[in-house]
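2 protein chains.
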Amino acid sequence: MKAVILAAGEGRRIKPHIGNAPKPLTKLLGLTLIERAILSAREAGVTEFLVVVGYKKKIMTSYLRKLERRYRLTIRVVENNDWTLGNGSSALAVSPYLKEDEPFLLLMSDHIVAPGILKKLIARGKRLRNGCLLAVDLNWDKEKDTEEATKVRIEGERLVAIGKELSSFDGLDTGAFFCFPTLFPALRASAKEGDYTLTGGIRKLVERGNMFFIPTEGLFWQDVDTKEDLKKAKRILLSHISSKDEDGFVSQYLNRRLSRFLSSYLADWGILPNLITVTSFLLCIIGGFLFTRSSYSYILLAGILIQFASVLDGCDGEVARLTFKCSPFGGWFDTVTDRYADIVIALGITYSAWQAASGSVPWILGTIAGIGFIMPSYAKKEFALRYHKPQPNRGLIAKLIKRDLRLFVLFVGSVLNRQFEALLFAGALSHIGVMGLFISARKD
Amino acid sequence: MKAVILAAGEGRRIKPHIGNAPKPLTKLLGLTLIERAILSAREAGVTEFLVVVGYKKKIMTSYLRKLERRYRLTIRVVENNDWTLGNGSSALAVSPYLKEDEPFLLLMSDHIVAPGILKKLIARGKRLRNGCLLAVDLNWDKEKDTEEATKVRIEGERLVAIGKELSSFDGLDTGAFFCFPTLFPALRASAKEGDYTLTGGIRKLVERGNMFFIPTEGLFWQDVDTKEDLKKAKRILLSHISSKDEDGFVSQYLNRRLSRFLSSYLADWGILPNLITVTSFLLCIIGGFLFTRSSYSYILLAGILIQFASVLDGCDGEVARLTFKCSPFGGWFDTVTDRYADIVIALGITYSAWQAASGSVPWILGTIAGIGFIMPSYAKKEFALRYHKPQPNRGLIAKLIKRDLRLFVLFVGSVLNRQFEALLFAGALSHIGVMGLFISARKD
Numbered sequence: 110m111k112a113v114i115l116a117a118g119e120g121r122r123i124k125p126h127i128g129n130a131p132k133p134l135t136k137l138l139g140l141t142l143i144e145r146a147i148l149s150a151r152e153a154g155v156t157e158f159l160v161v162v163g164y165k166k167k168i169m170t171s172y173l174r175k176l177e178r179r180y181r182l183t184i185r186v187v188e189n190n191d192w193t194l195g196n197g198s199s200a201l202a203v204s205p206y207l208k209e210d211e212p213f214l215l216l217m218s219d220h221i222v223a224p225g226i227l228k229k230l231i232a233r234g235k236r237l238r239n240g241c242l243l244a245v246d247l248n249w250d251k252e253k254d255t256e257e258a259t260k261v262r263i264e265g266e267r268l269v270a271i272g273k274e275l276s277s278f279d280g281l282d283t284g285a286f287f288c289f290p291t292l293f294p295a296l297r298a299s300a301k302e303g304d305y306t307l308t309g310g311i312r313k314l315v316e317r318g319n320m321f322f323i324p325t326e327g328l329f330w331q332d333v334d335t336k337e338d339l340k341k342a343k344r345i346l347l348s349h350i351s352s353k354d355e356d357g358f359v360s361q362y363l364n365r366r367l368s369r370f371l372s373s374y375l376a377d378w379g380i381l382p383n384l385i386t387v388t389s390f391l392l393c394i395i396g397g398f399l400f401t402r403s404s405y406s407y408i409l410l411a412g413i414l415i416q417f418a419s420v421l422d423g424c425d426g427e428v429a430r431l432t433f434k435c436s437p438f439g440g441w442f443d444t445v446t447d448r449y450a451d452i453v454i455a456l457g458i459t460y461s462a463w464q465a466a467s468g469s470v471p472w473i474l475g476t477i478a479g480i481g482f483i484m485p486s487y488a489k490k491e492f493a494l495r496y497h498k499p500q501p502n503r504g505l506i507a508k509l510i511k512r513d514l515r516l517f518v519l520f521v522g523s524v525l526n527r528q529f530e531a532l533l534f535a536g537a538l539s540h541i542g543v544m545g546l547f548i549s550a551r552k553d
Numbered sequence: 110m111k112a113v114i115l116a117a118g119e120g121r122r123i124k125p126h127i128g129n130a131p132k133p134l135t136k137l138l139g140l141t142l143i144e145r146a147i148l149s150a151r152e153a154g155v156t157e158f159l160v161v162v163g164y165k166k167k168i169m170t171s172y173l174r175k176l177e178r179r180y181r182l183t184i185r186v187v188e189n190n191d192w193t194l195g196n197g198s199s200a201l202a203v204s205p206y207l208k209e210d211e212p213f214l215l216l217m218s219d220h221i222v223a224p225g226i227l228k229k230l231i232a233r234g235k236r237l238r239n240g241c242l243l244a245v246d247l248n249w250d251k252e253k254d255t256e257e258a259t260k261v262r263i264e265g266e267r268l269v270a271i272g273k274e275l276s277s278f279d280g281l282d283t284g285a286f287f288c289f290p291t292l293f294p295a296l297r298a299s300a301k302e303g304d305y306t307l308t309g310g311i312r313k314l315v316e317r318g319n320m321f322f323i324p325t326e327g328l329f330w331q332d333v334d335t336k337e338d339l340k341k342a343k344r345i346l347l348s349h350i351s352s353k354d355e356d357g358f359v360s361q362y363l364n365r366r367l368s369r370f371l372s373s374y375l376a377d378w379g380i381l382p383n384l385i386t387v388t389s390f391l392l393c394i395i396g397g398f399l400f401t402r403s404s405y406s407y408i409l410l411a412g413i414l415i416q417f418a419s420v421l422d423g424c425d426g427e428v429a430r431l432t433f434k435c436s437p438f439g440g441w442f443d444t445v446t447d448r449y450a451d452i453v454i455a456l457g458i459t460y461s462a463w464q465a466a467s468g469s470v471p472w473i474l475g476t477i478a479g480i481g482f483i484m485p486s487y488a489k490k491e492f493a494l495r496y497h498k499p500q501p502n503r504g505l506i507a508k509l510i511k512r513d514l515r516l517f518v519l520f521v522g523s524v525l526n527r528q529f530e531a532l533l534f535a536g537a538l539s540h541i542g543v544m545g546l547f548i549s550a551r552k553d
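Chains as they are written, first to last, in this note's numbering: chain A, 110 to 553; chain B, 110 to 553.
Bound conformation, chain A alone (with noise of 0.2 Å):
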């Protein structure tokens, strides 16, 4: 499957606030605009691309060698230098380097929009005969300034009028299509008529009954034209990077407030997702060995070590799906180091538990408690293994066994000084959490 993506205007809107540079390199969360347009349709299963550039041509054309590089891709630039009449004149600079029959996804460098949505296109393109299909927002924010947007109207699963002067109309064209080549004799029709824009090709396709619709249902996506729009488009990708139903209490209501604050930073800085993995890791070995110390301003410092901790915890899986670096091997690793700080903490604890009441009761309880933050997890997975589906995660057990809980009632256990029982009570638990996922095995 190829792309297409129109990178050649000039973003006149934003340009006073973002420099010397063309607007498809502006940086929004790590990752320039063009960046980020590539990467998600890579994610959605595109293989090669079809990059249209006029503006700053060749600032452009060097960088897209960059990106071609670095990502090992297939980038192919295409030059259009009628790019000022408009950017139908650009998608029809494609032509001749498409197959006849070919269908290609159409994006517009200056839209993010999510790789769901491209994934929707493309399995509903292949469907499709011949004729174009557009993702349509149908349930956009009505508080929306929605002056400078492309309107749709619908009927079925046709669409029956476009336009930005529409008064009444169903939904917003999101800049995402997905095309045969009937597109280009539209846009040569629609050229001829004087009208070079993309819309006016699509206007020709809607006359003929051709051209169909997706829904977003819901996925996000945001054009970026100025720079309140920028804004707009980094909230929205910090709001999307996370589910609400993987999250333990603490999560949801602490952590992923924090971590998306400090994400968005790490983001920016191109921070690797592994070194924060490793980074959230040796703060936890740090804690850990400070809980061995019997003065309270250590153990407070070892508390809010590793609530810092199980912050950083949650970047590392943010700033990877905001800069698609999601590995399976970074998923292993966050996971598995997880299970090892936890032990360094316990063991802490538990050593400073024994120091102050010698004996061997703190280290049986301790190492029970401490393997309470391994078996949970370790009884989930086997769960989803055997079942060949994840268990299910219902009612408070699921929230109740979960590592932000854990971290969370360690850190108020070294706020007031009883981290030991704090410790005992985490452990407990857990086990408990455990004979839940017994129950819970025991039914299905």
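If you are wondering where the hints come from, they were derived from the structure by calculation, not from laboratory data.
Please note: incorrect hints may appear among the correct ones.
Put simply, identical chains are the same to the list, so a pair is met inside one copy or across any two.
Here are the simulated DSS-like pairs of lysine-lysine, each with C-alpha atoms no more than 27 Å apart in a straight line [unchecked claim]:
| # | residue 1 | residue 2 |
| --- | --- | --- |
| 1 | 508 | 175 |
| 2 | 498 | 228 |
| 3 | 434 | 498 |
| 4 | 552 | 175 |
| 5 | 124 | 552 |
| 6 | 434 | 552 |
| 7 | 343 | 124 |
Using the hints provided, position chain B relative to the given structure of chain A.
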């Protein structure tokens, strides 16, 4: 998918050895022959059974009613009063109960056949329009006495001859068929000529070029006609219940030999696999407590108990596979209790080392070693979930992190009264194993 099972015969040759009950009710590793035939077909996806009875039909019918309730199956009992004429008459007896075009499996109640063979029959049969399909063993044991076996000659994908009397032949009839109702006119044609055997009917199909085959390709089957056959069947079933590739060194060379021997009795006695899991778990718990005693005899006993528990840990899965009692819960329960059992053992050994040396060092080392009993398995599960494939089982590392080896090291340690050193050694092996998994995950 329906299966027709022929269970009308008298079984004259085995009769003197099995007492009064009809032959299909002969017990073999905890299941009767007919029970095994039914469960094997169920595992291949069959949901409805037609069982033809004749000899001692009352006993057979009431037994089949029992099986129907026990396994919640649909079993239609078909009486064939002409069973003494030959097994072809029994196959003919089901024809009123099948739709005109309905394919079915045709099985003998006195043949044990691997579910894999039945799955292959169904898969190949789905591409068949008409005619019948026989599973043929092309690599039979040439030492074996084949005088009583039904032999076949093949050409391409068809059978060209069938019969006990063939002097030159390519393979053996396993008694497992996939049939279309074309079988019935063939049986009638054979009966008209006075041959009421199933082989007679099949011969008619062979003559019409309507008889196809699939090879068994190493999957097991056994025709049970004599007391010796019954012993052979037992040996075959026991040798197919575990795969060498999955096993560690100690399992392969020691535990499996013992566990298979035990499993054959446990299956005979009808012991439930989960009960074996619980017993193995309790033995480990007792072992863990015995390790806390200082006298050598207790330590030795503890070592023997956990090595025995390690052998039993193989039996639950073996008995489950032998008696068609595998379940996701059983697997989950076995795996999770193993981890808890290991921790109790590690705690017991560590406690005893602390009694001898005091201080925190035994506890810290013992706990770290004990964690090593969980983490390799944890890391492998996480790999399987992240990469959607099992972590490659290659090389020494995979063998070094298996439970059979850890428990054997502890057993040897306790024989030498050096159980704490053994614990640390086994723990070190395991953590090195996790490092190996890290490297292998990094590469993938």
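Here is how each hint holds up against the structure:
1. Neither within a single protomer nor between protomers do residue 508 and residue 175 lie at most 27 Å apart by alpha-carbon distance, with minima of 44 Å and 44 Å respectively.
2. In this assembly of identical chains, the alpha carbons of residue 498 and residue 228 lie at most 27 Å apart whether taken from the same copy (23 Å) or from different copies (24 Å).
3. In the homo-oligomer, the alpha carbons of residue 434 and residue 498 lie at most 27 Å apart both inside one protomer (25 Å) and across protomers (20 Å), since each shortest distance falls under that limit.
4. Taking the shortest alpha-carbon separations for residue 552 and residue 175, only the inter-copy value of 25 Å comes in at or below 27 Å, while the best intra-copy value is 55 Å.
5. Proximity of residue 124 and residue 552 under a CA criterion of 27 Å is satisfied in neither setting, with 61 Å inside one chain copy and 44 Å between copies.
6. Taking the shortest Cα distances, residue 434 and residue 552 sit within 27 Å of each other only across copies (16 Å), while inside one copy they are farther apart (38 Å).
7. In this assembly of identical chains, residue 343 and residue 124 lie within 27 Å of each other by CA distance solely inside one copy; the values are 18 Å within and 82 Å between copies.
The structure fails to meet hints 1, 5 from the earlier list, while all remaining hints are met.
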